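Student: Single-letter residue listing:
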Amino acid sequence: MTNETQILTVSELTIEIRRTLEESFQQVSVIGEISNFKSHISGHWYFSLKDADAVINCTMWKGFNQYVFFTPQDGMKVILNGKITVYPPRGSYQLDIRSMKPAGLGELQEAFEKLKKKLEAEGLFDEKFRKPIPIFPKKIGIVTAIDGAAFRDLVSVAKRRYPLVELVIAPARVQGSGAAESIVNSIKLLNNLGNVDVIIVGRGGGSIEDLWAFNEEIVARAIFKSKVPVISGVGHEVDFTIADYVADLRAPTPSVAMELATPDVIEIDNFINEFLSKSSRIIEEHIIEKEENILSILRSYGFRIPLDLIIRNTQQIDIAINRILQGIERFSLIYDKKISILSKSLDSYNIQRVLKRGFVLVKQNSKFVTRAAKFNKEKKATLNFYDGEIITP
Amino acid sequence: MAKKKTKSNFEQDLSRLEEISRKLEEDNLELEEAIAMFEEGVKLSKSCLKTLREADLKITELKGELKKFVNAEED
Numbered sequence: 064m065t066n067e068t069q070i071l072t073v074s075e076l077t078i079e080i081r082r083t084l085e086e087s088f089q090q091v092s093v094i095g096e097i098s099n100f101k102s103h104i105s106g107h108w109y110f111s112l113k114d115a116d117a118v119i120n121c122t123m124w125k126g127f128n129q130y131v132f133f134t135p136q137d138g139m140k141v142i143l144n145g146k147i148t149v150y151p152p153r154g155s156y157q158l159d160i161r162s163m164k165p166a167g168l169g170e171l172q173e174a175f176e177k178l179k180k181k182l183e184a185e186g187l188f189d190e191k192f193r194k195p196i197p198i199f200p201k202k203i204g205i206v207t208a209i210d211g212a213a214f215r216d217l218v219s220v221a222k223r224r225y226p227l228v229e230l231v232i233a234p235a236r237v238q239g240s241g242a243a244e245s246i247v248n249s250i251k252l253l254n255n256l257g258n259v260d261v262i263i264v265g266r267g268g269g270s271i272e273d274l275w276a277f278n279e280e281i282v283a284r285a286i287f288k289s290k291v292p293v294i295s296g297v298g299h300e301v302d303f304t305i306a307d308y309v310a311d312l313r314a315p316t317p318s319v320a321m322e323l324a325t326p327d328v329i330e331i332d333n334f335i336n337e338f339l340s341k342s343s344r345i346i347e348e349h350i351i352e353k354e355e356n357i358l359s360i361l362r363s364y365g366f367r368i369p370l371d372l373i374i375r376n377t378q379q380i381d382i383a384i385n386r387i388l389q390g391i392e393r394f395s396l397i398y399d400k401k402i403s404i405l406s407k408s409l410d411s412y413n414i415q416r417v418l419k420r421g422f423v424l425v426k427q428n429s430k431f432v433t434r435a436a437k438f439n440k441e442k443k444a445t446l447n448f449y450d451g452e453i454i455t456p
Numbered sequence: 019m020a021k022k023k024t025k026s027n028f029e030q031d032l033s034r035l036e037e038i039s040r041k042l043e044e045d046n047l048e049l050e051e052a053i054a055m056f057e058e059g060v061k062l063s064k065s066c067l068k069t070l071r072e073a074d075l076k077i078t079e080l081k082g083e084l085k086k087f088v089n090a091e092e093d
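Protein chains in written order, with this note's numbering: chain A, 64 to 456; chain B, 19 to 93.
Any given hint could be a false lead.
With a Cα cut of at most 27 Å, we get these calculated BS3-like pairs of lysine-lysine [what the hints assert, rightly or not]:
1) Lys179(A) with Lys201(A)
2) Lys61(B) with Lys222(A)
3) Lys86(B) with Lys201(A)
4) Lys81(B) with Lys290(A)
5) Lys68(B) with Lys222(A)
6) Lys288(A) with Lys41(B)
7) Lys353(A) with Lys68(B)
Quick caveat, the hints were computed from the structure, so don't treat them as lab data.
All values derive from a computational prediction rather than experimental measurement.
Let the hints inform the model, and build the full structure from the sequences given.
Tutor: Listed below in structure tokens is the structure:
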């Protein structure tokens, strides 16, 4: 070790201090309150940890802080685990952190209340900003873990209630490191598509740590900024997250979120069937009513006068027709007699009567031979007598 | 964004059906008008019921799109 007479350079002294400190504090756990928290663009965290009487500078590199499930806030009491490092150019020492957890669940609750108050004051929960949820969505955007129970519930409810819809899944990590960023990106992407009618953001039940991503400020702001209406469905009935407060509609569970986002086909079916039976009844009543109108007009006195006239005239017409028919009958009797006389005289011209008197019909080649000049002596001839036929020769 | 405002055929048909249902019940229509509406309603009902019966849930997963989007956001 050094003694009083030995003179050291600054560097030599610093090296000694560094070795002493870094060897003594290779692995320490320390409890304190966060202040001046800064998340650098590089992903590293810089802040101070303090209590009533002391303060220590802290750094937490990206490689470690990505495993912290919450974003630290000033005033939050945390338990840190890490080592002391010395930075010679500045003559400073700091706590290089490997892990961080809230000092108790109360810390998370407090962070929750603080953020809630802040966003409420900014107006993010105002009723006037809530967008209406469409009744007949064509596309429903889903932000959740694709391998989670929530996703299966969402699909099965959509299938049952409204299979006409298309589910557009933007998978997101919903717990642990990077969950909040992942949720934010998925909400933004669904907005960018431009044709999504409503977004459901959610996950199944879990501990407050599991659900914490939905209590992060960046998630709340992404939901607020979304042009597409957002329904939140996080955890169970009893779980309230910041996302629930800022969403356009809060559902107690993912399944209910899908129910709120879709109309029920059974109800639509009932409506249509009711329409069919009701409207056909209305039309039927309409027709019956008109029929009765017509009948009552026909029964009215005014309508009976011409009708009576018609009936009276019809009788006269019938009588006249009967007379005409009788006249025709008489005529036809007279004609019948005349016809029979005529047919008898016609009978006398009958060929058979001529043959009977002794005339003969001569046929050659099945044609009548009516002149001697046309008779062919070489050929056969058929002679038709009254009492029979002879073929010559 | 303008696309968002367009209703699906199903939604249009259904809202027309609701309108017809309302008008038929109002009871001050001429018979011819009522019958014409009824006929239209029956046609719409059939097409809506057909759509319902033939519906099959469509699921699209944005995997590549999400990756591309995240990369673009980080740049």
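Student: Which constraints among the numbered hints does this structure fail? Numbers only, ascending.
Tutor: Per hint list: 1, 6, 7 violated.
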